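Asker: What follows is the residue order along each chain.
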Amino acid sequence: MVPGRCQTRVADADVELLPERALHWPQAGVLAVADLHWGKTESFQQHGIPLPLGVLDDDLARLSSALTATGARRLLLVGDLVHSRQGLTRDVISRVNTWREAHASLEVVLIRGNHDRHVRTLPPIWRMEDREEVLDEGPFRFAHHPEPAAGRYVWAGHLHPMVRLTGGADRLRLPCFHLRPGVGVLPAFSAFTGGMDVRRGRKDRVYAVAGTAVVEV
Amino acid sequence: MQPTKPRRNRMRGKHAPETQTESPEPKRTRAKRPAPRSPSPYQGAPLEQLRQWFASKGWTPYAFQEEAWAAYARGDSGLIHVPTGAGKTYAAYIGPLADVAERDQKGLQILYLTPLRAVSRDVEQALREPLLALDADLEVESRTGDTSSSVRQRQRERLPQVLITTPESLSLLLTQEQAAENFASLRAVIVDEWHELLASKRGTQVELALARLRHFAPGLRIWALSATLANLEEAARTVVGTDRKPTLVSAELQRPVDVETLLPAEMDTFPWSGHLGFTMLPRVAEWLDPTQSTLLFTNTRSQAERWFEGLRFLRPEWEHLLALHHGSIDREERERVEGGLKDGSLRLVVCTSSLDLGVDFGPVERVIQIGSPKGIGRTLQRAGRSAHRPGATCRILFVPTHALELVEMAAARDAIAGREVEPRTPLSKPLDVLAQHLVTCALGGGFTREALRDEVRTATSYASLTDEEFDWALTLVREGGPTLRAYPEFRRVVEVDCRFRVPDVRLARLHRLNIGTITSDASVQLRYWSGGNLGTVEESYVSRLKPGDTFLFAGRRLEFSRFKDMTAYVKPAKAKATQTPRWGGSRLPLSTSLASAMRRTLEAARQGDVTRDEIAAAWPILDAQARLSRIPGDGRCLAETCRTRDGHHLFLYPFEGRLVHEGLAALLALRLTRLQKATFSLSVNDYGLELLTPTPFPFDEALRPALFTRERLVEDILESVNLSELARRQFRDIARVAGLVMPGLPGARKSTRQVQASAALLYDVFVKYDPDNLLLRQARREVLEQQFEQGRLARTLERLGASPVEVVHVHRPSPLAFPLVVERISASVSNESLLDRVERLKERWSQADARPA
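The listed protein sequences correspond, in order, to chains A and B. Under UniProt numbering, the first residue of the first sequence carries the number 1, and numbering increases by one thereafter. Under UniProt numbering, the first residue of the second sequence carries the number 1, and numbering increases by one thereafter.
One or more hints might be untrue.
As the list claims (entries may be wrong) - The following label-pair restraints were derived from C-beta to C-beta distances:
hint: 1; chain 1: A; residue 1: T121; chain 2: B; residue 2: E177; range: 52 to 62 Å
hint: 2; chain 1: A; residue 1: G182; chain 2: B; residue 2: T147; range: 54 to 64 Å
hint: 3; chain 1: A; residue 1: S64; chain 2: B; residue 2: V714; range: 53 to 63 Å
hint: 4; chain 1: A; residue 1: D57; chain 2: B; residue 2: C498; range: 28 to 38 Å
hint: 5; chain 1: B; residue 1: T567; chain 2: A; residue 2: D197; range: 17 to 27 Å
hint: 6; chain 1: A; residue 1: S64; chain 2: B; residue 2: D764; range: 36 to 46 Å
hint: 7; chain 1: A; residue 1: T121; chain 2: B; residue 2: E332; range: 45 to 55 Å
hint: 8; chain 1: B; residue 1: Q105; chain 2: A; residue 2: R90; range: 29 to 39 Å
hint: 9; chain 1: A; residue 1: A61; chain 2: B; residue 2: W529; range: 23 to 33 Å
hint: 10; chain 1: A; residue 1: D197; chain 2: B; residue 2: E332; range: 45 to 55 Å
hint: 11; chain 1: A; residue 1: D91; chain 2: B; residue 2: R643; range: 35 to 45 Å
hint: 12; chain 1: A; residue 1: R199; chain 2: B; residue 2: E539; range: 15 to 25 Å
hint: 13; chain 1: B; residue 1: V151; chain 2: A; residue 2: H118; range: 51 to 61 Å
Claimed, not checked - Every beta carbon over 12 Å from chain B, so not counted as near; a handful from chain A, in silico:
hint: 14; residue: Q45
hint: 15; residue: V108
hint: 16; residue: T121
To be verified - Residues of chain B placed beyond 12 Å of chain A at every Cβ, according to the derived structure:
hint: 17; residue: E139
hint: 18; residue: E141
hint: 19; residue: E266
hint: 20; residue: A486
hint: 21; residue: E495
hint: 22; residue: K576
hint: 23; residue: A760
hint: 24; residue: D770
hint: 25; residue: E839
No wet-lab data here; the hints were simulated from the structure. What you are looking at is a predicted structure, and each value in this text was computed from that prediction instead of being measured. Glycine is no exception: its CB is placed at the ideal position from the N, C-alpha and C atoms.
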């Protein structure tokens with residue numbers, strides 16, 4: 001096992017939860033991430049809010065490192081890839097393209113989310129397969145909205161789950177994987193995202209992303 | 001200067017004409033413009049006519065009024081300092097009014113600035129009344145956030161000669177393209193309640209606006225009105241700007257203040273902590289007498305809600321005499337309460353600082369302060385609400401909510417006797433306010449770099465503004481930041497034909513929505529399902545409510561139904577309310593004066609002096625403190641160490657107010673982690689601080705004078721500020737003022753949803769990708785200055801380093817420690833790795849899980 005990752009079994013398949021905020025399904029060679037919000041900083045800038053760039057480059061670098069480390073052949077983007085249409089500037093398109101060229105043989109599938117509705121077509125140069133709602137594969141369904149599906153375990157995003165850890169003197173709030181019976185919610189991939197505290201059910205498992213490691217809490 | 005006869009003749013500025021012994025007819029006319037005008041019944045020059053009008057009311061001008069009129073006539077600017085209700089409005093107003101009537105010209109002549117958003121009609125009426133004495137045809141109007149759009153539209157074309165407005169509305173007027181022409185005719189600005197604005201960003205905003213006005217109208221005279229402050233000279237210099245020398249007009253009209261404390265009947269059941277203590281409610285209900293009009297001041301809105309509810313429960317027969325007043329209650333309801341106080345139909349009003357200033361409702365017989373008085377100036381102001389007769393004694397009754405407040409009240413009594421009023425210090429060149437002002441000026445006709453830079457420097461708070469700082473603020477609004485690469489899509493202010501302007505209409509609109517420096521959490525309208533506004537609550541509070549939850553608001557029991565379009569819909573609750581909304585925002589710290597008075601009082605108690613009633617009453621608690629530990633002395637600092645199941649505690653009691661303690665706690669935590677790896681969580685209140693760590697820590701060895709050294713103080717504070725939440729919290733306000741966070745206004749909501757992000761998140765992005773951003777530096781500086789409170793922290797450290805630290809090991813938290821344990825805050829300082837902390841938290845969890853099994 002690679003240090004920092006967390007292995008677990010879901011719907012009779014082995015999966016790994018990565019500290020890069022990604023889900024790895026080794027058997028299928030799949031890496032899944034949710035809520036990337038590309039172009040968010042640029043959207044802010046266009047509204048007259050002077051926010052510095054940097055998030056996208058770091059996010060892309062982290063994505064690359066997860067891809068390289070896992071050797072995944074397919075990348076599933078589980079919704080909210082692009083923050084807003086205005087944010088999709090020429091510069092954003094070209095920076096993403098540079099990243100795409102570095103992973104030329106990678107198959108990339110977008111499963112659309114609520115933010116993506118405003119972007120009718122993705123830049124073709126990115127070479128992404130565009131899925132409207134869901135992608136079913138093996139025992140899993142990948143969908144942006146965390147709604148249960150009969151007969152499949154759903155991997156979703158949308159909620160930006162965060163977990164609060166408190167105890168005596170110390171307290172922390174970290175992004176997390178929230179595995180409920182039937183639905184697993186991935187942490188928001190983008191570092192420039194807020195989040196919602198998870199409501200933990202009795203059978204839920206929660207994995208916090210603590211820096212360079214994923215820890216079940 | 002003619003002699004004054006304050007006892008016989010009296011004149012009150014902001015009040016409606018009152019019942020006078022000399023004039024048999026009590027007039028109470030509604031604000032109305034006299035139309036058609038009848039000629040003045042008086043002869044002579046305008047000032048002479050105004051004097052006759054004064055005389056006709058049975059008033060003789062006070063010496064300070066004559067002095068102020070003369071100073072205005074000389075062309076001076078300055079500050080008038082007299083107690084509330086002594087006639088300072090007319091002291092400032094009559095001079096300019098006479099001048100303006102003499103000249104009889106069109107266009108804006110006199111600007112009256114008030115910090116109150118809901119401008120009292122009384123101000124308008126008070127400013128209109130003397131017009132009857134004059135021949136000139138002058139108009140008096142208000143312009144605030146509440147002004148109707150038709151009036152605004154008319155004012156856009158033509159301003160009245162006398163305009164009453166707020167700092168925010170003034171800034172909005174400055175964003176109009178024709179601002180320079182609008183203000184060119186201005187003769188005088190009167191800034192009311194300057195002491196309320198002075199030490200805040202609103203005050204800085206006013207300074208910048210005044211600098212702009214001085215530029216538009218070079219002969220402008222500026223007069224501020226202020227209550228007592230320790231730093232009146234500075235207050236005067238700040239309002240007139242660096243290019244004028246202020247004249248200070250003071251009146252020695254101090255009234256005696258009588259302070260009494262309502263003592264608990266028995267101390268056994270009296271709580272040790274918690275500002276919501278209710279034990280005294282029955283005694284207060286007993287003491288109250290509806291024939292005597294009474295204000296009950298509380299320190300927070302939720303406290304006001306609960307006391308109102310409690311009184312209603314105990315005295316249902318007072319239902320129609322009792323009312324509640326605080327800043328979140330719907331404006332109409334507040335006006336109803338103010339009206340009720342005026343006409344005497346309401347006798348008992350529970351309120352917050354919402355009734356501290358502005359609203360004039362005539363004399364109130366009694367004033368009650370529930371809970372800590374917090375500061376001396378503030379208490380004097382509240383006491384001044386009672387017995388508005390000049391020379392008459394003001395009375396205030398203190399009601400403690402927990403035992404230690406008894407000590408505070410004893411201390412406050414001494415400090416009031418010595419008139420130890422606090423200073424209020426203006427801010428030093430906040431760049432967020434400057435950035436906002438630059439956009440305002442770019443909209444209001446545009447500006448050039450050199451001219452505006454020089455103009456801004458005439459604002460006293462910006463006198464030391466460097467070229468670099470000005471250019472940085474300009475760069476922020478033009479390009480986003482000095483590293484252009486990082487802000488490719490950003491633009492707000494653009495240079496067009498050598499002038500800086502805002503060409504983008506959408507951005508102009510957003511700026512106007514965002515103007516101002518008052519920051520609060522996004523607020524949500526509270527409405528009945530059946531219709532009818534109740535007021536506002538904070539979004540963060542509503543977000544925690546579940547449908548069916550009941551809570552108290554505006555004295556009503558409400559059941560939450562749903563949240564939609566920034567409105568929380570409620571219906572009357574059948575069940576008893578289970579909670580009271582909590583409003584975030586300012587919890588006032590103990591003032592310097594009160595804090596040092598408190599140390600003196602405790603020292604006396606330590607020496608066994610129990611002659612003060614409050615101390616005698618609090619003695620069981622102080623005695624328990626003495627037995628378990630020590631009573632903190634003035635010349636030394638008490639430290640307690642303790643071990644509980646939460647971990648290892650260090651308690652320290654500097655008695656310097658919560659802000660200083662917050663800074664001090666972060667600093668000490670940082671310095672302690674240098675001695676040994678640890679994670680500390682911090683807790684502070686007005687009396688002291690607590691450091692708690694889950695692992696054993698050698699506090700005894702660490703507590704040496706070196707720990708309190710002022711060497712590397714700023715560096716250490718900055719480092720601890722980086723580590724802790726303080727800077728991030730401070731950044732919230734800065735981000736809002738500098739236009740980094742879009743306001744949560746209902747109208748702006750939809751269009752800006754994509755650009756909503758919490759300031760904490762923005763802070764993280766800046767720290768990572770533009771660490772040299774000056775707004776970050778400002779956040780740190782504000783933390784420093786506010787925690788320092790102009791060197792207060794440094795002086796505290798000096799005191800702690802010089803005085804012996806008395807370390808006592810206690811087996812359980814002492815009475816002083818107890819409130820700190822209860823009120824633990826979220827800040828923590830750590831140099832352990834994230835993973836270590838998670839693992840340890842996990843461990844604790846599994847232990848906790850294992851226990852009940």
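Asker: List, from low to high, the hint numbers that the structure doesn't satisfy.
Answerer: Failing hints, ascending: 1, 3, 6, 8, 9, 10, 11, 13, 14, 20, 23, 24 and 25.
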